[in-house]
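Asks: Please model the complete structure; the sequences and the hints are all you need to start from.
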Amino acid sequence: MKPHQNVRTAGSSQAKDIFAEDWLRNARDFNEHYGFPHVIGAIDGKHVARTRPDESGELFWCFKGFHSQVLMALCDAHSRFLAVDIGASGRQSDSGFFTSSPIRRFLESAEAGVPAAVPLGVIGPMPYVVLADGGFGLRDYMMTPYTEKSTTSADRLLYNTVLSAAHHVVESAFGQLVQRFRIFLGPIDVSTEQATCLIHAAVLLHNYLGPLREPIDDAVQAAVRGMSPRMTPRNTTEAGKILLSSAMDDKIVAESPKVKIEPLDEKQKSKLIDLVKQRPSIWNPADRGYLKDAGKWLKLANQFNEKEVTNYTAKNLKDFWNSLVVYHNRVRLNDNLFCD
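Numbering (full-length UniProt numbering), first residue to last: 1 to 340.
If you are wondering where the hints come from, they were derived from the structure by calculation, not from laboratory data. All the pointers check out, no bait thrown in.
Label pairs and their calculated CB-CB ranges:
{"no.": "1", "residue 1": "G210", "residue 2": "S153", "range": "39 to 49 Å"}
{"no.": "2", "residue 1": "N31", "residue 2": "D189", "range": "36 to 46 Å"}
{"no.": "3", "residue 1": "G124", "residue 2": "R213", "range": "40 to 50 Å"}
{"no.": "4", "residue 1": "S191", "residue 2": "Y146", "range": "39 to 49 Å"}
{"no.": "5", "residue 1": "G121", "residue 2": "Y146", "range": "13 to 23 Å"}
{"no.": "6", "residue 1": "P125", "residue 2": "L158", "range": "16 to 26 Å"}
{"no.": "7", "residue 1": "Y146", "residue 2": "R28", "range": "18 to 28 Å"}
{"no.": "8", "residue 1": "E108", "residue 2": "G35", "range": "22 to 32 Å"}
{"no.": "9", "residue 1": "T151", "residue 2": "N31", "range": "15 to 25 Å"}
Even for Gly, the Cβ is constructed at its ideal location relative to N, Cα and C.
Replies: Below is the structure:
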């Protein structure tokens, strides 16, 4: 993975300082919203349903009963994506994918700038941690729930409850992603490279648009659980059939509103400028191209609401995604991992 030419790489003390500020802010937010101290993020993987890739045979067939690519994501307390790794075949487990992921290598490197352990109340030095489910396994910087058999005390039950509530932010991020960009409701019928680019762009657009306020519908919840409402998996259970039937209901799988942006009128331009100004991390008044690129963002946001995105090639999507990455003035690791 080569760093994008317009994005600084995280190889300096300045980069470490900026990352450290991000982690500490995340820890404050998790503690404030969920009462779980020293949490710098929550991580999980989502299977993005896709058609059978010609180049891979059964490599992308996952245990949930359909072909998929994995989106591994680290999120903050507000369900924004901090780091993503995209493209592994669905056959891999969360722990296997994480072990080989650049997210793990980054978190374990000095470049990440994760703050050192500090005393927590009357307790001795406690590390800053990432929350995960039991499939990831414990690490010095990763906390997982107690298993059902080992949840033998009120303290452990409380720990599991608080961890589950805080970890839900990453599940919420996946739900918002699918609710907003409904092509992820059913198998994406594009090449592996194109699917990876689509997911990359959607992740960045999700952060750019901000939190989704509308409730997550049943079809989306089914997709987030790993079900594909447009394709019946092998070995479908009776409960799964009911869930799929509900998800396929036309009233539930309603298309999101379309955004008409060609050409941009003065009112739309003004609204777009105000939107960009509200996010200082991407606002650059010296960049005269921001309005043009923001228009491309709106256009692609509209296209994402279509059932199929066949008129965008992998190169189109990669160029678009890179143009948005250029907006971000803060240090990020590279164009395949970090987004803000």
